[in-house]
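Chains C and B supply the protein sequences, listed in that same order. Just so you know, the first sequence maps onto residues 1 to 330 in our numbering. Just so you know, the second sequence maps onto residues 1 to 330 in our numbering.
Among the clues, some could well be false.
Which copy is meant is left open, so a pair is good if it fits within one copy or across any two.
[As the list claims (entries may be wrong)] Cross-link-like lysine-lysine pairs, in silico, DSS-like; alpha carbons within 30 Å at most: (1) K186 / K271; (2) K273 / K219; (3) K186 / K219; (4) K219 / K246.
Everything labelled a hint here was simulated from the structure, so no lab data went into it.
Protein chains: 2
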Amino acid sequence: MTAVTVALDAMGGDRAPAEICAGAAAAVEPGVLEVLLFGDEQAIRSAFGGRVPTGVTVEHTSEVIDFEEDPAVAVRAKPDSSLVATCRAVRDGRAAAAVSAGSTGAMVTASTVTIRRLPGVVRPALASVFPSAGGPLTVLDCGANADCTAEMLVQFAHMGSCFAADVLGVDDPTVGLLTIGEEPGKGNQLARDAYGLLAATPGLRFVGNVEGRDLLGDKVNVIVTDGFTGNVALKTAEGTAREMAKQIRAAAMGSPVSMVGGLLMRGATRKVKRRFDPETYGGAFLLGLSGISVVGHGSSSRVAVANACRLAAEGVRHDICGHVAARLAR
Amino acid sequence: MTAVTVALDAMGGDRAPAEICAGAAAAVEPGVLEVLLFGDEQAIRSAFGGRVPTGVTVEHTSEVIDFEEDPAVAVRAKPDSSLVATCRAVRDGRAAAAVSAGSTGAMVTASTVTIRRLPGVVRPALASVFPSAGGPLTVLDCGANADCTAEMLVQFAHMGSCFAADVLGVDDPTVGLLTIGEEPGKGNQLARDAYGLLAATPGLRFVGNVEGRDLLGDKVNVIVTDGFTGNVALKTAEGTAREMAKQIRAAAMGSPVSMVGGLLMRGATRKVKRRFDPETYGGAFLLGLSGISVVGHGSSSRVAVANACRLAAEGVRHDICGHVAARLAR
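Construct the complete structure from the given sequences, taking the supplied hints into account.
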C-alpha cells in the first residue's frame, strides 16, 4: 500500500491552527496517511511545540480566508491563502485529497475552480453522513447549491450511491428523494420534477419519496435533496440532538436520585452522544470533482480533523472519483 | 366567560374514533370548552361506552376521508365527511374552531374552501411549535404550501407573530428567516427575495436570517419559511428526538449498571421526552383563515387530541383571527 497524502488547511476553522495541527498529528501514519499542511509556518511550528511529527510536511502560505468573507471574492483575491493552496495541492498531484474546516462556501468555490468538476457534472454536492437507525445514511446536497434542478438531483443520486458504497461500505445502496408526503407527486415543484426523472434513470436503486423523519430512519441508504433543504435538515438534526442532550443533562441535575442515575448511565449516554456528534465523520464530502475535497465543521476539534483526514484517505483508497466518473459516463 | 365550542372530527387519525372520543372527553369542561363531534354516530356512542359526556354533542356524518385520498378530490367528493362537516360547523357559526387529526392536505383544503381566508391573505400557513431552548418557538409554514413567494413569507411573519403573542403569550415576538448562512443575501432565491421584503416591512420585529440549528435555539420567537422546508425541518426534528431517545433506551439496557441508572433517571428523562413529544401541543394551527382550524398528528392519542382542542380554544379566547386580520389590514 502506498501512502495517501492529504492536503490540510492549517488556518481554517474556529480553533485553527492549534486543533488542526493536533488533528494532523493524530491522523498521520508514516507510509499510510501523510499530511501536507498549509498555513503560517511559524504558527504551525509553535502549535507543534517546535517538533513537526514524521509524515507531516509544512508549507508556508501568507494569507487566510475568514468565515465572513464572500467566498467567490476571497478565493480570487487570496491565491496564497492556506485554503486555496490546499486545493491547489490536489490539482497539482502533490496530494490526493484536500481537507479544510474553514468557510464552507470558500472551500466549495476553491475546490470547484481548482480541482475542477468531473466531465459532465453540472454541480458538485456536499454529502453528509447522518447517524440513522439503519446505519450511516448519506444525505446530499447539504449546502453546496442553494437552488437545484431535477437533473442535478439525479447526478447527486449517482454520486451519493458511490460514496455510500465506497466510503461507508454499503452494498448496492438504495436512494430516496426527500419531500413532504410519501406518494409520487407530493412536494414542491423541484421534488415533483425530480421524482419522474429519478424513477426513469437506469442504474439507480431509487425507492421513491422519503420524509424528514426518514433522515434518521432505516428506509434508505442515500437521500437526495437541494442544498438549501439539505443544509436546513442537517443543522436541524444537529440542533435537536444538542438541545435534547442539554435538557437531559439539566433534568438529571434536578434531583439527587436522578443525578446518581445520570452518573451510572454515563458510559451509555456517552456512546449515544458520540454517535450523534457531527465530529464522528469529521466533515462533508464534496462529490463530483476530479479529486477529493472534504469540508469540516467550523468548530472542528482535533478529533474531527483527524476523522476528516481519514475519511478523505478512505475516498482515495476506494477511488471514489473514478467510480463517480464511470457512473456518470454511462 | 361564555363556553367555546370546538368542532372535532371523530373519524380523523390512525386511532379514530376511540382516541378522538377519549380526547374529547378529556378536553370538555361544560360552560368552558364544549365539543361538537362529527362522525359515525354508532361508532362514537360505542367509543363512549354508550354514555356521551356532558358538553359533548354528537352529529352523524356518513363519509370518511382517508389519508391516501387526493385532498382536493376528496373534499369535493365527500361533502358529508366528518372532516368537511367539522369545518362547515365553523363557517356556519356553530363552533368557533375546527380540529382534525385526519389528512393534513384534506384539512388544509377543506378549511380554506369552507372557513375561507381572511381578506388579503394569499395563502393560509400551518404553524407548529418547537420545544426550543428559549421556550416554545413558532415555525411556519410547516406544510400547507410547498412552493411559496416572498410576499407569502411576509404574511406568515405577521400571522406567526400574532400566534406567538396570543396563544403562547410571547411579548412582542421576534421573527427570523430560515436560510443557510447568517449574512443577508445567503440562501436560495426565495430566502434572498424574502430577506429584503421582511426587512422593509413595518410592524414586524424582524431580526434577520437564522439557520436550522436555531429552530431549537433561543435567538427568535417566530421562524418563517416555505412549507416544504418547514415540513422537512419539523419531521427531521421529530425523527432526531425519537431516534435519540430510542438509542439512549437501548444503551441503558446494555449493562446492569446503566440499567439501574436509567431507572433512577426515569422521572427526569420523562420530563424531557414530554417536552420533545409532538403531542404536547397536539397539532399545527392553520393561520390566515376567518376561523380557527387545528390539524393534529395522524397518530394522535387522546392526550394530543385534548391538547389540540385546548390550543384551539385558546386561539378563540384571544381572538387570534381578529388580530391577524387587523395586522394584515394595516
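Going through the hints against the structure:
1. K186 / K271: neither (37 Å within a copy, 35 Å between copies)
2. K273 / K219: both (23 Å within a copy, 24 Å between copies)
3. K186 / K219: The answer is within: 18 Å in one copy meets 30 Å, while 32 Å across copies does not.
4. K219 / K246: Both. Shortest intra-copy (29 Å) and inter-copy (17 Å) distances satisfy the 30 Å Cα cut-off.
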